[in-house]
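Given only the sequences and the hints, what does the whole structure look like? Please build it.
Residue numbers (UniProt numbering), protein chains in the order written: chain A, 1 to 772; chain B, 1 to 278; chain C, 1 to 162.
The set of hints was computed from the structure by calculation and includes no laboratory data.
Warning: the hint list may mix true and false statements.
Label pairs and their computed distance ranges (CB to CB) [said to hold, decoys possible]: (1) B:Q157 / C:K119: 36 to 46 Å; (2) A:S127 / C:D61: 31 to 41 Å; (3) A:P469 / C:K86: 26 to 36 Å; (4) A:R769 / B:E188: 18 to 28 Å; (5) B:E276 / A:R640: 17 to 27 Å; (6) B:Q149 / A:T85: 51 to 61 Å; (7) A:L647 / B:L174: 33 to 43 Å; (8) B:F120 / A:E175: 58 to 68 Å; (9) A:P41 / B:N238: 38 to 48 Å; (10) A:H183 / B:E273: 35 to 45 Å; (11) C:D61 / B:T13: 26 to 36 Å; (12) A:M32 / B:D150: 53 to 63 Å; (13) C:K86 / A:E430: 48 to 58 Å.
Derived lysine to any residue pairs resembling SDA-like cross-links, with alpha carbons at most 25 Å apart [to be verified]: (14) A:K499 / A:K645; (15) B:K233 / A:R769; (16) A:K421 / A:I433; (17) A:K645 / B:Q95; (18) A:K710 / C:V127; (19) B:K171 / B:N88; (20) B:K61 / C:V59.
Note that the structure is predicted; figures quoted are calculated from it, not measured.
The C-beta atom is built at its ideal place from N, Cα and C for all residues, glycine as well.
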Amino acid sequence: MYIIGKGITRKDAFEKVTGQAKYTADFETNEMLHARLVISPYAHALIKNIDMSEAEKIPGVRAVITGQNLPLTGEELQDRPPIATDRVRYQGEVISIVVADNPYLAEQGAQAVNVQYEPLPVVNSPSEALKPDAPLLHPKLGEYKKIQGVYPEPGTNIATRTKIRKGNWEKGCAESEVIVEEHFAFRPSDHAAMETRCSFAQIHPNGMIEISSSSQAPFMIKRLIGQYFGISTGKIRVNTPLVGGAYGGKASTQLEILAYIATKEVNGRLVKILNTREEDMLTSPGHIGLEARVKLGSTKEGLLKVAELTYLWDGGAYSDKSIDLSRAGAVDCTGPYHIENIWCDSLCMYTNHPYAAPFRGFSHSEVHFAFERTMDVLAQKLNIDPLELRNKNAILPGHTTPTQVLLNSSTVGNLPKCISKLKELINWQEGQIKDLGNHRVRAKGISCIWKTSTIDPNATSAVILIFNPDGSINLISGVIEIGTATKTILAQMLAERLKMDVNDIHVQMEVDTLSTPEHWKTVASRGTYMAGRAVLAAAEDIIRQLKNIASFILRAREDDLEVGYGKVYVRDDPKTSILIKDIAYGYTFPNGNTIGSQIIGRGNFVIRGMTYLDKETGAGRPGPEWTVGAEGVEIELDLRTYTYKVLKAVAVIDIGKVFNEKTAIGQVKGAMSMGLSFAARETFWFDDHGSVLNPQLRTYRPIRFGEHPKYVVAFVETPEIDAPYGGRGVGEHGLIGMPAALANSLSTALSVNVNYLPLIPELLWKIKRGEK
Amino acid sequence: MLAGNIEYYQPSTVNEAVEQFFILKKENKLPMYYAGGTEILTLGRLNIIHPGAIIDIKAIKETLSHESYQEHFIFGASLPLTYIEEKNIFPLLTQTSMEIADHTARNKITIGGNVCGNIFYREAVLPFLLCDSTVVVAGKEGQKTHPIQDIFNKTFQFEEGQFLIQLLIEKKYLTLPFITIKKRQQWETGYPLITVACIKIENQLRFAFSGLCPFPFRSQKVETELNNTLLPKEERINHAIEQLPTPVLNDVEGSKEYRLFVLRNTLKEMIVEMEEKE
Amino acid sequence: MPNPSAKKISVSLNINGEMRQVEIRPIDTLLYVLRHHLSLTGAKPGCLNGDCGACSVMVNDNVYKSCIMLAIESVGSAITTVEGLKDSPIQNAFVKHFAFQCGYCTPGFIMNCQALLLKHPHPTYEVVKEWLSSNICRCTCYQEIEEAIFSVVEGRVGGTSE
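In structure tokens form, the structure reads like this:
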């Protein structure tokens, strides 16, 4: 390989360390208006009255907006008013938008809006939501508009149900000699990206709506706002500069809708809305919660025969992306194992909690926490080494997934190889638990992982390459730079294909939907795969054009020519060549005659063979390939105080092919860190009224410097033949096994089943006392 | 960011500050004294407090003292916590302080601001409660000094318009054996589940607590039980817990029962260590 | 109801070696003035509550969270924002060690590291931990940042979390 695999400097590096990198909130103009939200302090209440008169009196307040006559919104099921009118269903729900000349006048206006509420009983968990006498959040559930594959159950709090019926459940039970069943629960939490969401919008005199937003999905904003408000998508232009952390949370369309509503109210003037941290946690969508029941049956030798699973997702007050999240949790409802008989019901439940956005791993860390904990319980009951149990049941080419996709050596990575590498890196032979004396123990916990990317079957990605007169190339892709360095990797791929200096590839970091070809959404670890294929297609396009023009000049057939090292040359006589820069803008003969002009390459890509899932069995092909891996955690715990430290965290991922070693390791470690933080300390704490008690970073506390363990990351490379250079998705996978591995290590250390998150010492103390 | 039209004053003497306070008060402007200001700015943006004017006391030289005076050492109210930590005249205070918020925030948080804060932990007051310190307060009637036990009951019992200028501690206390321990919900950042500071003087242990109740405190009754060396440690601790003020906190950081569990472990750890110290 | 007609005052701020005259409300935070009045957007709003460190800047070589400091409090002091650093070793170390991903927390981390290294050219791990735990990074695992800062401490190769 020429440059693939090397740890080259990120294309955005110097902008980012000098403070020159621009994020959405960094753009400001003198004529810009600023908006503040009025949000509900109640999780469930009727709105009796909204008095805006005091706010409207404040000089400099330009509009006080309420929610009458707005369409319902929601990505799969349209159940959400952008601004609540008669009822609020979660704390933080938007009641009004106040637009003013500057941020503090808008804030003064928001404080002056007086709202009267009548509190209603709340639904405070998904199991409460399922009770027959639970308050109904959406009495009109049956009337909402929806897309294909959404199955709401009117008269209940079930927004959709996904069923997996694989094999024969009864046969699986009959063949099972050993059965275990465990219950799990954790509350919703948050992404806590350091950049709070920000959007600004204006309507130009020609009717063009221009929105700038911190988003992973500018093209989706364009489509959804077009759809909700009946506007042709060509009339909507969305800009996304660099994004300050996303992790799935910025894949939802929410604040953009409010920015559009606001600009419409002030005759199209530019209006900016920047979330406060509190609004970013409450009002904008967060990380889904889950209650789960996992029942596994196996032979005495440990061969899995049946899995019976119930997942109740805490989708919050509105279904938006949680419908898709609950579906993804069904698609990979087990760990990465060969199980012939699977029964799963995955229910997206309405509760009076903040609603959900995708979260890095897209339901997989959540499901794996429940499933991989149960694998340890089974291993213990069988008296089999937990890593051996996993190895014995590892999914392999020739096996089928829960949605009955038959796997081959390209569509699934090599799990046994990951397991054996993990074994070595975590020093499994020395034993899972070690007594250090003085009431201290060291313990290890493991988890296997897998994930496919459940994306829309018609999701596309396209790329444009434009030559500069010096022979360098501008690479334009709709992938958002959310921190993953994907655009640096796209440049590496192009440099590899054209055998050119990566410094001669200029990447457009920002996305402007007016001039940037679409990349569906920057989610699902699909950037390098889809945009990578589009880059390679575009590279072929320019190679063809370069050869075409060079064949005249070099007097050779096009198929005798090669492109590379800044030149087009004759294959068997490389000295006969012409510099790319001399033909990139066409070629001028000595007499002035010119042939050709600026070369523009284009390429696009769509994943082949995706299907919707069958309503009754879940059968279908939801994603292109399954990345697999094995992860482990080592902790040291004080048996008297239940306090512990994470000493070491290990991940072995079958990445297919490493493109940029530094950024690949960075992605995996960063995801592991987020997974440990989620598992060990992150949660929303709710009171009895469904209010979040900790919507600030001083009470909602992500892991900090010095609390981090030692991270070890290793890769296995089993290429996926459809992917550019064989690479598999890797942006999320480090996270997936961390909650289960940490819970398994603590369960081992304490000889109890730790089935709840977050894994704080108080939880361990309560479980040990039999209180949980 | 605070939205309101809030006035700012920076007096250079104690008298000017107090006069300014009463002028603003008369104009109905809801004045507040301001030192580091971190709490005013954070609670103000959440509309929990509503100052109409702030009086920044950091230019008043008495509030910046950090020096010996006869038998005492003076800590000015406007000294940032990190300044006190770096000088490290009073190691118990240094160590207690280093557990508050985070290092960058402590460049701004002042000792006076922390001990007079609204947020109920006020951990920096613990060393002063343990060491019979003296509090210098400015107000309408000029400057006054009070033994801390006379003026601190859960919070400083200031009259309207009074503010803290200095905290004085007798030098003999600066080098006594001590331990200070902060236990959190998880790992090493965040508010306390409990913070306990302890010193040993004339073979007796003194204890002060934060995070256990919605106020910091030192209790003679608790100390009497904990110093009852005739009894085994567990029993002393049980008796001490019976003497705790109420309520014991039961909140997102931890339940009441768990806090008491942590308290037991922490006290035991401290007593073992302190009884060995000379 | 608050009085909406905020009285503005004119102040001179010494920022990155330049004197800048600005009209501000006395209650404006330094972060607000940097970003909204001076277009210095390197310091980022992350919480406006002193919790995350994304807005960290140096004032007289000490690091502060500019969201919990009034601009008026920095009058007469030398303010340094990330825009005031040019080709500093810590910036280059962040690039070399991939000590950022999305980059949003990076200016705050860099200013904190810069202030730390000014005060402690040879910090122990404990000192680095005490200082850098003031900031949140949500993308990296912190090991990269640890490697970056120790790489610029003379006579040390890499850091260690053990």
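Which hints from the list above does the structure break, by number from lowest to highest?
-> Numbers 2, 14, in rising order.
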